[in-house]
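Colleague: Chain by chain, the residues:
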Amino acid sequence: MNEALLLMKPELIVTVIIFILLILHVARENSSPAYLLNLINGLLFINFLCGFFFNREGTLFGDMYVTNGLIVLEKNILNLGMLLISLQATDWLKKKDFIVEFYVLLLTTLLGMFFMLSSNNLLMFYLGLELSSIPLAALANFELEKRKSSEAAMKFIMSSAFSSGLLLFGISMLYGTTGTLNFAQLAMLIDGNPLQLFSFILLLAGFGFKISAVPFHLWTADVYEGSPVAVTSYLSVISKGAILFVMASVLFTVFKPLVETWYNMLYLLAVLTMIIGNLFAIRQQNLKRFLAFSSIAQVGFILIGMSGSSQEATASVIYFVLIYVFSNLGAFGVIALVSAQTGKEEIDDYKGFYLSNPMLALVMTLSLFSLAGIPPTAGFFGKFFLLMAGAGKGNFVLITIAALNMVISLYYYLRIVKVMFMEKNETPMEKLQISLFPRISLLTCMAGIILIGFTTLLYDYIFSLSTSF
Amino acid sequence: MNEYSYTALIPLLPLASFLLLGLFGRKYLSSVSGWLGTGSMLVSSILSLIAAWQYFFTDGMVNGAYQKIIAIQYTWLQFSPNVSIDMGILLDPISAMMLMVVTFVSLMVHVYSLGYMKGEERYATYYAFLSLFTFSMLGLVLSSNIFQIYIFWELVGVSSYLLIGFYFDRPAAVAASKKAFIVTRFADLGFLIGILILSFYTETLDFNLLIERLSTPTPQLTGIITASFMGISALTWGLVLVFIGGAGKSAMFPLHIWLPDAMEGPTPVSALIHAATMVVAGVFLVARLFPVFILSAPAALEVVMYTGVFSALLAAIIACTQTDIKRVLAYSTMSQIGYMMFALGVSGYYAESGAGYMASMFHLFTHAFYKSLLFLGAGAVIHLVHSNEMKDMGGLRKFMPITHLTFLIACLAISGIPPFAGFFSKEAILHAAHVNNSFIYWLALITSGITAFYMFRLYFSIFWNKASKIHDNHHGEGTWSMKIPLLLLAIGTLLAGFIPFSSFVTADGIPYHSVFNIGFSVLPVLFGLSGITIAWLLYQKQNERAEKISGSLGGLYHAAYRKFYIDEVYLFFTKKIVFNLIGKPAAWFDRNIVDGFMNLLAVITQEISALIKELQSGKVQGYAIYFFSAICALTILFIYILN
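These protein sequences, in sequence, are chains A and B. Take the first sequence: its position 107, counted from the start at 1, is 107 in the working numbering, and no numbers get skipped. Numbering-wise, the working numbering comes out as the position in the second sequence, counting from 1, plus 1000.
Heads up, some of the hints might be wrong.
Straight-line Cα separation of at most 16 Å, EDC-like style, residue types lysine to aspartate or glutamate; simulated pairs [to be verified]:
| no. | chain 1 | residue 1 | chain 2 | residue 2 |
| --- | --- | --- | --- | --- |
| 1 | A | LYS95 | A | GLU143 |
| 2 | B | LYS1619 | A | GLU151 |
| 3 | B | LYS1619 | A | GLU225 |
| 4 | A | LYS344 | A | GLU225 |
| 5 | A | LYS424 | A | ASP348 |
| 6 | A | LYS418 | B | ASP1169 |
Per label pair, the in silico range of CB-to-CB distance [stated by the list, open to error]:
| no. | chain 1 | residue 1 | chain 2 | residue 2 | range |
| --- | --- | --- | --- | --- | --- |
| 7 | B | TYR1626 | A | ASP191 | 25 to 33 Å |
| 8 | B | GLY1022 | A | VAL397 | 38 to 46 Å |
| 9 | B | GLU1607 | A | ASN425 | 23 to 31 Å |
| 10 | A | VAL397 | B | HIS1386 | 49 to 57 Å |
| 11 | B | PRO1219 | A | LEU5 | 52 to 60 Å |
| 12 | B | GLU1389 | A | ASN264 | 52 to 60 Å |
| 13 | B | GLY1022 | A | ILE23 | 46 to 54 Å |
| 14 | B | TYR1626 | A | PHE98 | 54 to 62 Å |
| 15 | B | TYR1626 | A | ASN425 | 32 to 40 Å |
| 16 | A | THR400 | B | THR1218 | 49 to 57 Å |
| 17 | B | MET1230 | A | PHE54 | 35 to 43 Å |
Hints in this document: simulated from the structure, not taken from any laboratory. For every residue, glycine included, the Cβ atom is placed at its ideal position computed from N, Cα and C.
Build out the structure end to end from the sequences listed, making use of the hints.
Modeller: Here it is in structure tokens:
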């Protein structure tokens, strides 16, 4: 019994926190926002720390649930991202009335992701996926007074329902052809007949929707722009990261027999995703929308790494997602601060940002450099490893397209840097207050961006956990 | 082995200085930041000298050939069981030589900047960036692993981006830094893909292993040669792609477009980056992989050769038409690097047939002295007249005797006049070209004549020509911290040529004694002297000859009446033919076609981006239809067509 508890430790802790919050909400209705936020961030920090102790490997519930070192690591990455976002959101949440509700919903999605990561059965996977996406629609609507926020929520839930429907259709057909939903058994029974291929395409579309890979990405920009910054960063970092982890493991285990087919599909998706993401990002005027499209382009790179289908591929995808958490949250952290204190989100509002807020401008610059893959930031190493894993297939046309896209992305990331540092602004932004929590979060992101590239232990560790293909 | 462990300090000292100045410089160390940076650079230079001395005279030679010594190496990251990324220090003749060049020039620039950048608001930041650049450049030349060189390669790009854009309140500087960064990054993608191809087939990133596996008959070599894409072997592709990376940093045609614009940076920065260090990184890279080029992929080496000679000629012609003195120097750098490139191209490998390789490295070495001298001299001139334009200068020799003298020495050196350093190295290159490829030889010879012409056009326009506009209230040549580097570099320019270079740096590591042939050098020197003479006739005194001849044909008619016949022929040839028929079209081609092509790419990207914007309509039912059709398309493609 004890072992079972330890196996499910991450899920249990999150559940306990959810219950603590609910009880607290009923018992002490008049808690001040500051008190609540301190408490919650403290709990999230404990949750993050707990991820490092008493980890076990094994299966539960008749092979429905599985956990191992790699999955624990992935959950820890998500926990870390969750904590960073929560720290960044304090300024914004202080002014809100529904702090507890916000966190209950957010933690529920995290719980869903944990189950999804640990799933060893398509049914379990589907449950986790839904648990992680439905509360997100409510979260997207969290700026209750804003029309755009409701619009974002509406679009998200509609598109999400549509993609889930197709995904479920795919799962049921897979069950129809094989008679099982267990990952290991599926891997043995899949032989690549057309019906299975079709159901695979539906599954891939479901994944593609969640990671906003082109051509399943159209919801992304509207939802990212309309949602509160905290939710946008959650969607673009945590939710995407979780799906990418699961996607790698499903492709590498369940669909191993179809590797030739899905390599070509990933190839196609990666190329489209990078190019379209980049071309859209160039034109954006809203910073959140800009990051939305640039993060689409980032996903294209991750797909390249994944297409390598090897131990290096798994390791480089996870490594990159970790770096991506730091880089993207560095950028979103600055946006969150600016948005919470001034309400400004357009790129033009950032003209002359360096003059009034030099430190924040530097944080933003470093984050953008890391996203663009410029050394010595971690993003450089992350991208290189992805390309190296992708090159393992010997397809240099794909690598060339990827490298070209790196140059295009450099162009627009530098555009933001240029705006912040040298363009004049008649109505410059005032000097912003950076309170303790956002400060910790931004410093952590900076430390991550600078140090991860140079400490190779982390990559070695991830590599040692990754299973060979 | 460990007797070289101190070499780690050579790049680490500038790094320490960067961290110190970058973190605390502006607040606490502003006043001493220059001395701090310079001090760490001085120690670094001394250590480099010791290392080079120890390598060349004590340990480097084993069995009559210079060996590669791995001073330090540790596995930084085990990417996969076969491929590891190491960080290390590789000492061989070229890296030892580059060590000296980089640290010496960097030291000179550090000292010079003490005076030049004095009073600058972001003085500490400037020195921090300078240290970062030096660190990256040293890391680059010492790399023992092709991924390590790539990291530092990119770091050099970043730090030069920071330095060129140092005056970030000037739009031109910011635009230039961005252009330089993106163009070189574009080239770097070639390098990146090249690395991936080479490492994919050789299963290693280590330089020594890579070169060994690709230059001797191994299964890996067979594999990479038999694999082909569009009829060209993977090895040739890989090497050409690596060369594209090098061409980007070294401003070879058509990736040179960033270099002239990069002159917006502070002038000492140009002396460091655009004269002696970063721009020769491409030459260094080709030299590093030279055994692979020459022994296994001569076709790739031909690409290097023709790119080099074409860039040398084109840049020389364009340099004649420029009026901004720093831009003249920029094009001249491009031209000289073209020399180094094609010298590698005409080289063989064994013993004296590898003279081109030796000459290229020799030229790199001497060029570092006189080109950084020219840039620093130009900096002093700009400091005095507050303008980059030739028309604002003239008659300055009285006001700045030291600058004048050292500038003259450098001009003579670059024109290939004995006994200055440039003469020896250029002779060596021309000789190697003469032996191997007479077409290249003649092009190079013509280029060297043009070089002498535009350098002395520059010299006369600055220091002679018309009477100076400057009155008594000038502030002279600047401080001693600005003059000392000029003098030291001038001494280098005077002496560097006498080094018996072939005893130290050769293609296969085996020293040989090169024979100097006086008869051969008559023709090149004559070319140089005639270039100088034409420049003297046209620009020594203020006159209207040049303008008139370059004017209309009617002007030519009248001018022909009044002037000496021979004079007019020179003028006609230089101004009318060279300027208008070759120079201007070349400059136009450069500005409009090459730049235009790059801009076109950007415009196309923008346009497509505008077109597909329609997809993003904001209607969620439209998204669903789109989603569904994508699934149908995938189904049709992968189940009905490809299956």
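Colleague: A separate judgement is required for each hint: does it hold in the structure or not?
Modeller: Verification of the supplied hints:
| no. | hint | verdict |
| --- | --- | --- |
| 1 | A:LYS95 with A:GLU143 | holds, 11 Å |
| 2 | B:LYS1619 with A:GLU151 | holds, 10 Å |
| 3 | B:LYS1619 with A:GLU225 | holds, 15 Å |
| 4 | A:LYS344 with A:GLU225 | holds, 12 Å |
| 5 | A:LYS424 with A:ASP348 | holds, 10 Å |
| 6 | A:LYS418 with B:ASP1169 | holds, 10 Å |
| 7 | B:TYR1626 with A:ASP191: 25 to 33 Å | holds, 32 Å |
| 8 | B:GLY1022 with A:VAL397: 38 to 46 Å | holds, 40 Å |
| 9 | B:GLU1607 with A:ASN425: 23 to 31 Å | holds, 29 Å |
| 10 | A:VAL397 with B:HIS1386: 49 to 57 Å | holds, 52 Å |
| 11 | B:PRO1219 with A:LEU5: 52 to 60 Å | holds, 54 Å |
| 12 | B:GLU1389 with A:ASN264: 52 to 60 Å | holds, 58 Å |
| 13 | B:GLY1022 with A:ILE23: 46 to 54 Å | holds, 49 Å |
| 14 | B:TYR1626 with A:PHE98: 54 to 62 Å | violated, 34 Å |
| 15 | B:TYR1626 with A:ASN425: 32 to 40 Å | holds, 38 Å |
| 16 | A:THR400 with B:THR1218: 49 to 57 Å | violated, 26 Å |
| 17 | B:MET1230 with A:PHE54: 35 to 43 Å | violated, 57 Å |
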